[in-house]
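Based on these hints, arrange chain B on the given structure of chain A.
Spelled out, the chains give:
There are 2 protein chains.
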Amino acid sequence: MRQSRLFTKTRREAPSDEVAKNAQLLVRAGYIHKEMAGVYDYLPLGLRALNNIIALIREEMNALGGEEVFLSTLQDSEIWKKSGRWDDEAVDIWFKTKLKNGSELGLGNTHEEALTALMKEHIVSYKDLPRYVYQFQNKFRNETRAKSGIMRTREFIMKDLYSFSRDSTEHAAFYEKAAAAYERIFKRAGIGDKTYRTFASGGSFSKYSHEYQAVSAAGEDVIYIDKKRRLAVNKEVYDDPEVYASAGIEKSSLVEAKAIEVGNIFTLGTRFSDALGLSYKDKEGKPTPVFMGSYGIGPGRLMGTIVELMADEKGLVWPESVAPFAYHLVSLGREGDEVSRAADALYSDMRKAGIEVLYDDRDARAGEKFAESDLLGIPKRIVVGKEAAETGVFEVVERATGAVVKTPRAMLTTP
Amino acid sequence: MRQSRLFTKTRREAPSDEVAKNAQLLVRAGYIHKEMAGVYDYLPLGLRALNNIIALIREEMNALGGEEVFLSTLQDSEIWKKSGRWDDEAVDIWFKTKLKNGSELGLGNTHEEALTALMKEHIVSYKDLPRYVYQFQNKFRNETRAKSGIMRTREFIMKDLYSFSRDSTEHAAFYEKAAAAYERIFKRAGIGDKTYRTFASGGSFSKYSHEYQAVSAAGEDVIYIDKKRRLAVNKEVYDDPEVYASAGIEKSSLVEAKAIEVGNIFTLGTRFSDALGLSYKDKEGKPTPVFMGSYGIGPGRLMGTIVELMADEKGLVWPESVAPFAYHLVSLGREGDEVSRAADALYSDMRKAGIEVLYDDRDARAGEKFAESDLLGIPKRIVVGKEAAETGVFEVVERATGAVVKTPRAMLTTP
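Chains as they are written, first to last, in the numbering used here: chain A, 1 to 415; chain B, 416 to 830.
Hints were generated in silico from the structure; no laboratory data involved. Treat the hints with care, as some may be off.
Said to hold, decoys possible - According to the in silico footprint, chain B covers these stretches of chain A (three or more CB under 8 Å from chain B):
1) 58-68
2) 130-138
Unchecked claim - Below 27 Å or equal to it, Euclidean Cα-Cα: the simulated BS3-like pairs (lysine-lysine) are:
3) B:K436 x A:K120
4) A:K82 x B:K511
5) B:K642 x B:K673
6) B:K795 x B:K784
7) B:K784 x B:K609
8) B:K642 x B:K609
9) B:K515 x A:K21
10) A:K139 x B:K511
11) A:K314 x B:K535
12) A:K120 x A:K177
13) B:K542 x A:K98
14) A:K147 x B:K515
15) B:K562 x A:K120
16) B:K436 x A:K100
17) A:K98 x B:K643
18) A:K286 x B:K767
19) B:K513 x A:K139
20) B:K436 x B:K784
21) A:K81 x A:K98
22) A:K369 x A:K380
23) A:K81 x B:K449
24) B:K436 x A:K81
25) B:K554 x B:K622
26) B:K622 x B:K643
27) B:K542 x B:K698
28) B:K511 x B:K542
29) A:K34 x B:K535
30) A:K98 x B:K515
31) A:K369 x B:K542
32) A:K34 x B:K554
33) B:K449 x A:K127
34) A:K139 x B:K554
35) A:K98 x B:K609
36) A:K34 x B:K696
37) B:K767 x A:K352
38) A:K96 x B:K515
Keep in mind that this is a model prediction, so the values were computed, not measured. Every residue gets a Cβ at the ideal spot worked out from N, C-alpha and C, and that includes glycine.
Bound conformation, chain A alone:
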C-alpha cells in the first residue's frame, strides 16, 4: 500500500505512560493505540502483523485436525457454577456485567465450560471421538496491574484449542502432536531458538502442564533451563523432586532465566466433562466421561514477545512470517521526477506479482524516511534513488542485519 494513504503517523518519542519496550515501539510505529491501561487497539500495520500470526497458528491447528468455531464472550453463570469457577474467590480475574432483568453474566476469560456444554449436543458415542475444536476469540481478564504492553492485557485475542478424547492414552498421543505443532509455530514466528518447553504446575487438573517460555529480560516468569535437551522447569515446580524424573533432566545442570510464557498446554482429564456431564458410550454402550485437554496461545502476546526479542535501538524488527509487508519500498524522488516515476513503476510491478509492499511515496527527507523505515521494521527495504532509477539495480537493505544487496529489478518483480 502507499504510505501516503496510511492514516497512522509515527512518533519520535516513546509515550510517557508506557514502560514495556513492546508497547513503546508499537505505539511509536503506529501499530497499536492504547485505549486505557491494559487495553489496546490494533491499527492497520499492527492488525496485518497480528493477522499473519493468526494465519500461521490456524494452519498448524488445521493440520492437527482442528475445527474452527467462534464462541461468545457473554457467559451464562449456570455452566460456570457447575464447574465451581463462577465465584470471584475461585477465579479472581472475572469481568461481570448484568442483563436488564438483573441476571449476572460473565465475560469469558476462557471457554472450557462453554465448549464442554456445547459438545454434549454433538458427542454421543465413541465413534464421535476424538474431536479437536479451536477458536480465535477475545478473552477478558480483570488484571490488577497491566504494565507489560500487549503481553498482558485485560482484553486479548486467544487461540484456544480443546481436545476431546476417549481416554488418557488417546489424549497423550494428541498432546504430543499438539506440542510438536506449538514448537513449529514458535519456530515459524522466529522465536524458536529462544523458546523452551517448560514443565509447570498442572493446577487443579493434572500433575504437570507444559508452558512454552521465551527467554527475555522482559519476562514475568522465572524458569530453569536445560539448554542441551531444550527443556525447562518453571520456578513454581523447581523444588518438586518428581518433576526431574518426569522431565528426564538433572536439577544441577539447569540455568536460571527470566522468560515470557507464549503458550501453554494442559491435560484437563475429566475435570470439566465430569462437572458438566459430557460423556460418550463406549463400544459396550457404557457411559464414559470424555478425556479433555486445552491448548492456548495469545497471538497478541506472541507479537509482543517478538518485539521484545528482535527489536533493536532503531525500532521494530519483524521476521518475514509476521511482518505486515515483505518489502518497504522507499522512494527518494519528488512528485513527478524521474526517481519517483521509477519507484511508481516498480511498486506497480511488484503489486502485480503479488508481492506485499509498503511504498513510501511521500515527499520527505531521505534521513527521515530511513529512520521511519527502521522504526517500522519491515524485513527488506528497497531504496529508489537517482542511480537505481537510471541503472535498474536497487539497494536492498535487510532490516535485521543492515546487510545491503544490489539487486536487479527483475528479481524484485518475480513472485
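Chain B alone, transformed into the frame defined by chain A:
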C-alpha cells in the same frame, strides 16, 4: 472436508426455545449454538458462512479505500462522557462492568467515540484527509428482548466504517460511493433484488440517514416502497412531507412491507469531532472540525436475513458467495466398495483443483443423507451412486431449484 470428521450433528426437530426461522434452521443444521437468549456461538459450517460474508464485505470496504483496524471492546467512560452518550438514559443498551479499582467500563456498542479520539493522534492537516477506517468487531447491546435469532443479538460482529472528510461536499461524494458499495454487497450476497435503500431518521446527527431494508415477513421494521425507483421510506419518517422532496418519490405510489434492516449509513457531521476535539488545519492553517460519517453492516444479521429470504421447507439455501462449501459430495457407497472408492477419488481430485467440497463419506441411508444435505443448503449436490461410479457421469442437483444436471467427471474437477 469429510463429514465424518465434522463434529456437529444435525437435528430433525427445531429447538423448542427458538421462534425465528433463521435460528431454528441454523441450530438444526449445526451452524450455530445458542449460548443463551440473544447470544450465539458459530460452529464450523456457520463460521465458514460468516467468514465468507466478512470477506465479501472486506473486499468492498478495501475497494472504497478503507483501512482495517481492530478496536477494543472495553471502553473508558471519559470519551463517552464527552459525547454525552455514557449515561444509561442517553444510551439504553449499555453493558457495563468494573475494573478492580472500582472504575466503570462499558462494552462497546459502537465505536464513534473511540475512533474519533484515536484519530486525533493521526489527523493534523488537510493533507491527512479524507480517511476511511473500518473494522469487524464484536458489539454488545443489552437488548430487552431477543427473539429474532441471529438477526438481533446481545453480542454480534459488526462491520463499522467511519469516514473522516474535510467538509460536507467531500463527505457527500464518499457517502454516495459507500451507498453504491452497500448495494454491491447485498447483490453479491444474493439479496439485492429484495433490498431497498430506505430513507430513515438521521437521529441527532442529520436530517436523514439511509437504511438498507430487505423485505421479509420476519422484519421488525415497516417500510414504504417505490419499487420502480428502488427506494423506500421508513415508517418513522413516513409522515414527514420533506422526505418525499429529498427522495424524489411520491407518497401515493408507495407500498407497505415488513423489512429487515441489513445495513445503515449515517452522516454524522461534526457531532463527534466537536465533542472530542478532532480538527484539522485547512490550507490557511485555520483549525476546522472533521466532517464524519458512519456505515454499518452486521455480517451475522445479514446471514440470518439470507436464511429468512432463501430457505425453504427442506432447510437452508445458500447463495454461492456465502455457502460454507460450493459442493456437497454425497456418496451412496459403503466403506471399501466401488462406489465409495469412486467418491473418495472424486473428492481427492476436487480438493486438488481447489474446489471447496463437503464430502458425506459416512455410512448412512440415502434418504437420510439427502434430507440432511437439503437441510445444510450447500448450493450443489453431487450424488455418487453405482451408475455414476461406473459411467463417470454424475448427477448434480441444484439446491435452490432442484434442477438436475448430468455432469461428466472432468467438469467437476476443473477449477
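Quick rundown of the hints versus the structure:
1. Beta-carbon proximity to chain B at under 8 Å applies to 3 residues in the segment 58-68 of chain A; the threshold of 3 is reached and the given coverage holds.
2. With a threshold of 8 Å between beta carbons, the proposed coverage of the segment 130-138 of chain A by chain B holds, since 3 of its residues qualify and at least three are required.
3. Between the alpha carbons of B:K436 and A:K120 the distance comes to roughly 24 Å, so the proposed pair stays at or under 27 Å and holds.
4. At most 27 Å may separate the alpha-carbon atoms for a hinted pair to count; A:K82 and B:K511 meet this at roughly 25 Å.
5. Proposed proximity of B:K642 and B:K673 is supported: the alpha carbons are some 14 Å apart, at most 27 Å.
6. Straight-line distance between C-alpha atoms of B:K795 and B:K784 comes to about 14 Å, which keeps the hinted pair within the 27 Å bound.
7. Note on B:K784 and B:K609: the hinted pairing is violated, with a Cα-Cα distance of about 32 Å set against a maximum of 27 Å.
8. This hinted pair checks out: B:K642 and B:K609 have alpha carbons roughly 10 Å apart, not beyond 27 Å.
9. Our distance criterion of 27 Å between C-alpha atoms is met by B:K515 and A:K21, whose separation comes to about 25 Å.
10. Distance restraint check for A:K139 and B:K511: the Cα-Cα separation of roughly 16 Å lies within the 27 Å cut-off, and the hinted pair is therefore satisfied.
11. Of the supplied pair hints, the one linking A:K314 and B:K535 holds, its CA atoms being roughly 26 Å apart against a limit of 27 Å.
12. The suggested pairing of A:K120 with A:K177 holds, with an alpha-carbon distance near 25 Å, which does not exceed 27 Å.
13. Between B:K542 and A:K98 the alpha-carbon distance is near 45 Å, which puts this suggested pair outside the 27 Å criterion.
14. Annotation: proposed proximity of A:K147 to B:K515 holds, straight-line Cα distance about 15 Å (limit 27 Å).
15. Taking the CA atoms of B:K562 and A:K120, the gap is near 24 Å; set against the 27 Å cutoff, the hint holds.
16. A hinted pair counts as satisfied when its Cα atoms are at most 27 Å apart, and B:K436 with A:K100 qualifies at roughly 25 Å.
17. A C-alpha spacing of about 47 Å is found between A:K98 and B:K643, which places the hinted pair above 27 Å, so the restraint is violated.
18. For the given pair, A:K286 sits about 41 Å from B:K767 by alpha-carbon distance, which is inconsistent with the 27 Å threshold.
19. Proximity of B:K513 to A:K139 is assessed by CA-CA distance (about 15 Å); at most 27 Å being required, the pair is judged to hold.
20. Distance restraint check for B:K436 and B:K784: the Cα-Cα separation of roughly 22 Å lies within the 27 Å cut-off, and the hinted pair is therefore satisfied.
21. For the given pair, A:K81 sits about 16 Å from A:K98 by alpha-carbon distance, which is consistent with the 27 Å threshold.
22. At most 27 Å may separate the alpha-carbon atoms for a hinted pair to count; A:K369 and A:K380 meet this at roughly 14 Å.
23. Proposed proximity of A:K81 and B:K449 is supported: the alpha carbons are some 18 Å apart, at most 27 Å.
24. Distance hint between B:K436 and A:K81 is unfulfilled; the C-alpha atoms sit about 32 Å from each other, more than 27 Å.
25. A distance of roughly 26 Å separates the Cα atoms of B:K554 and B:K622; the hinted pair therefore holds under the 27 Å criterion.
26. Pair hint B:K622 plus B:K643 holds up; C-alpha atoms about 24 Å apart against a cutoff of 27 Å.
27. Of the pairs offered as hints, the one joining B:K542 and B:K698 holds, with about 9 Å between alpha carbons and a cut-off of 27 Å not exceeded.
28. This hinted pair does not check out: B:K511 and B:K542 have alpha carbons roughly 38 Å apart, beyond 27 Å.
29. A hinted pair counts as satisfied when its Cα atoms are at most 27 Å apart, and A:K34 with B:K535 qualifies at roughly 13 Å.
30. Distance hint between A:K98 and B:K515 is fulfilled; the C-alpha atoms sit about 17 Å from each other, no more than 27 Å.
31. Annotation: proposed proximity of A:K369 to B:K542 holds, straight-line Cα distance about 18 Å (limit 27 Å).
32. Simply put, A:K34 and B:K554 have alpha-carbon atoms about 19 Å apart, close enough for the 27 Å limit, and the pair holds.
33. For the hint pairing B:K449 with A:K127, the CA-to-CA distance comes to about 25 Å; that is within 27 Å, so the pair holds.
34. Simply put, A:K139 and B:K554 have alpha-carbon atoms about 14 Å apart, close enough for the 27 Å limit, and the pair holds.
35. Of the supplied pair hints, the one linking A:K98 and B:K609 is violated, its CA atoms being roughly 37 Å apart against a limit of 27 Å.
36. This hinted pair checks out: A:K34 and B:K696 have alpha carbons roughly 25 Å apart, not beyond 27 Å.
37. For the hint linking B:K767 to A:K352, the alpha-carbon distance of about 25 Å falls within 27 Å, and the restraint holds.
38. Restraint check: the Cα-Cα separation between A:K96 and B:K515 comes to about 11 Å, which is no more than 27 Å; the hinted pair holds.
Checked against the numbered hints above, the structure breaks hints 7, 13, 17, 18, 24, 28, 35 and satisfies the rest.
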